Amino acid sequence: MSLQAHRLTCIRGDLQLFADLSFDVQPGDALWVSGTNGSGKTSLLRMLCGLAEPAEGEVHWQGRNIRSLREEFCSKLIYIGHANGVKDDLLAWENLVISTTLAGRPVSEDEAHDALQQLGLGRAADLPTRALSQGQRKRVALARLSLGLDMPLWILDEPFTALDRSAVSALCGTIGKHLAGGGMVIYTTHQEIDLSAKRALRLDMNAGRLC
Amino acid sequence: MCVIRRDLLLAFRRRSDVLTTLFFFIIVASLFPLGVGPEPQLLRTMAPGILWVAALLASMLALGRLFALDYADGTLEQMVLSSEPLTIIVIGKVIAHWIVSGLPLVLLAPVLAVQFDLPSSSVAVLFVSLLLGTPVLSLVGSIGAALTLGVRGGGVLVSLLVLPLYIPVLIFGAGSVGAEVSGVGAAAHLMLLGGALAGAAALAPWATAAGLRIAVE
Numbered sequence: 000m001s002l003q004a005h006r007l008t009c010i011r012g013d014l015q016l017f018a019d020l021s022f023d024v025q026p027g028d029a030l031w032v033s034g035t036n037g038s039g040k041t042s043l044l045r046m047l048c049g050l051a052e053p054a055e056g057e058v059h060w061q062g063r064n065i066r067s068l069r070e071e072f073c074s075k076l077i078y079i080g081h082a083n084g085v086k087d088d089l090l091a092w093e094n095l096v097i098s099t100t101l102a103g104r105p106v107s108e109d110e111a112h113d114a115l116q117q118l119g120l121g122r123a124a125d126l127p128t129r130a131l132s133q134g135q136r137k138r139v140a141l142a143r144l145s146l147g148l149d150m151p152l153w154i155l156d157e158p159f160t161a162l163d164r165s166a167v168s169a170l171c172g173t174i175g176k177h178l179a180g181g182g183m184v185i186y187t188t189h190q191e192i193d194l195s196a197k198r199a200l201r202l203d204m205n206a207g208r209l210c
Numbered sequence: 000m001c002v003i004r005r006d007l008l009l010a011f012r013r014r015s016d017v018l019t020t021l022f023f024f025i026i027v028a029s030l031f032p033l034g035v036g037p038e039p040q041l042l043r044t045m046a047p048g049i050l051w052v053a054a055l056l057a058s059m060l061a062l063g064r065l066f067a068l069d070y071a072d073g074t075l076e077q078m079v080l081s082s083e084p085l086t087i088i089v090i091g092k093v094i095a096h097w098i099v100s101g102l103p104l105v106l107l108a109p110v111l112a113v114q115f116d117l118p119s120s121s122v123a124v125l126f127v128s129l130l131l132g133t134p135v136l137s138l139v140g141s142i143g144a145a146l147t148l149g150v151r152g153g154g155v156l157v158s159l160l161v162l163p164l165y166i167p168v169l170i171f172g173a174g175s176v177g178a179e180v181s182g183v184g185a186a187a188h189l190m191l192l193g194g195a196l197a198g199a200a201a202l203a204p205w206a207t208a209a210g211l212r213i214a215v216e
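Going down the list, the sequences are from chains A and B.
For the first sequence, counting from 1, position 75 maps to 74 in numbering that gives the first Met the number 0; every step adds exactly one.
For the second sequence, counting from 1, position 55 maps to 54 in numbering that gives the first Met the number 0; every step adds exactly one.
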């Protein structure tokens with residue numbers, strides 16, 4: 000199991016955000032995509048999960064282009080983006096049940112409650128997400144991770160923003176557990192985060208290469 | 000079919016949005032008899048057209064809600080990345096949308112037809128024609144809604160895109176009631192509507208799914 004990027008190029012309008020980007024992510028690897036604002040981090044992550052098409056280059060999963068794998072690749076992937084897909088009108092646990100069902104791994108109401116409890120949302124689980132704070136809503140979205148440890152590839156866009164210190168360490172713990180079990184994590188962040196990865200890679204978008 | 004359950008739950012939590020469409024339909028259909036005057040013969044001839052136009056506009060009014068909220072909060076991205084094919088999810092969403100914004104119109108139309116003094120056989124035809132026609136409106140409308148996602152002034156654009164495709168449905172739908180009144184029999188019109196429904200059900204979800212993929216990119 001591995002994810003390879005082959006000479007990816009991203010062009011927005013007339014601007015070339017990055018070109019000829021190649022890397023290889025193996026089980027147990029954590030890839031930190033770093034760079035200044037507007038350097039193309041989110042564009043890269045959206046390409047890696049198949050939401051956006053690269054101007055040039057290909058993304059391969061186990062040696063096959065993700066364009067041809069489509070649903071098969073999606074069933075191996077958790078992507079949590081900027082817009083976290085949390086519905087204001089649903090209760091926190093309902094959000095979790097629905098987002099996992101949509102991803103093809105339905106969980107029960109009790110499992111959803113447990114996952115929210117782990118992230119410190121025990122009492123908020125039965126509230127409509129409209130009533131929650133920004134950080135709590137982020138936690139509702141991230142609660143999917145502890146239920147999706149068997150999905151090998153996690154792509155997380157700014158997972159640590161809006162979280163308090165205890166939530167950050169809880170999230171690091173979940174990611175560490177995933178990596179220890181042979182998972183792969185690709186994430187962006189502006190904070191220095193220490194993940195206990197077998198191989199911690201860092202991709203500098205400004206330089207356009209691994210470092 | 001978790002998508003249907005989810006969308007119905009969301010619609011239930013936002014009842015006012017759903018009721019707006021319904022009230023629009025009732026108001027438009029009720030204002031005509033007041034405006035045109037109490038001439039029974041005139042009302043009877045105009046009834047199918049008025050009820051069908053009102054249903055069509057009400058269903059178009061609801062199109063904006065189909066994908067816009069999911070697009071704004073990122074759920075649409077998750078749907079594109081789901082392990083279920085996007086086409087299946089689209090079918091689920093369109094069914095839920097029809098249950099919320101099409102089915103109530105179908106059920107209410109016979110009641111509103113009383114205001115126009117329609118004979119009961121025509122009311123039955125009106126009911127069947129709406130039952131066959133409103134899903135076509137939802138299916139075809141979903142293509143327009145997907146294509147105009149994230150576009151400024153999408154509301155106007157979706158009407159321009161979708162109206163020409165709605166016109167055949169309107170003609171055969173209202174025509175079926177007219178044919179029943181004039182004694183020709185509505186079977187031919189209803190079969191054409193059925194054909195349109197079969198065609199739309201087979202093709203529209205694919206077109207919509209393709210539109211959504213472009214929208215999230």
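To be clear, the hints were calculated from the coordinates, so they are not data collected in a lab.
Bear in mind the structure is a predicted one, so any value in this text is a computation, not a measurement.
All C-beta atoms in this analysis are idealised placements derived from N, C-alpha and C, irrespective of residue type, glycine included.
Fair warning: there could be bad hints in the mix.
What the hints assert, rightly or not - Listing some non-contacts, in silico: residues in chain A with all C-beta distances to chain B over 12 Å: (1) Pro26; (2) Gly34; (3) Gly37; (4) Gly62; (5) Ile77.
Claimed, not checked - Here's a subset of chain B near chain A, in silico, CB distances under 7 Å, partners left out: (6) Cys1; (7) Arg5; (8) Asp72; (9) Thr74; (10) Glu76; (11) Ser81; (12) Ser82.
Status of the hints after comparison with the structure:
| no. | hint | verdict |
| --- | --- | --- |
| 1 | Pro26 | holds, 20 Å |
| 2 | Gly34 | holds, 21 Å |
| 3 | Gly37 | holds, 19 Å |
| 4 | Gly62 | holds, 20 Å |
| 5 | Ile77 | violated, 9 Å |
| 6 | Cys1 | holds, 4 Å |
| 7 | Arg5 | holds, 5 Å |
| 8 | Asp72 | holds, 6 Å |
| 9 | Thr74 | holds, 4 Å |
| 10 | Glu76 | holds, 6 Å |
| 11 | Ser81 | holds, 5 Å |
| 12 | Ser82 | holds, 3 Å |
This entry does not satisfy hint 5, going by the numbered hints stated previously; all others are met.
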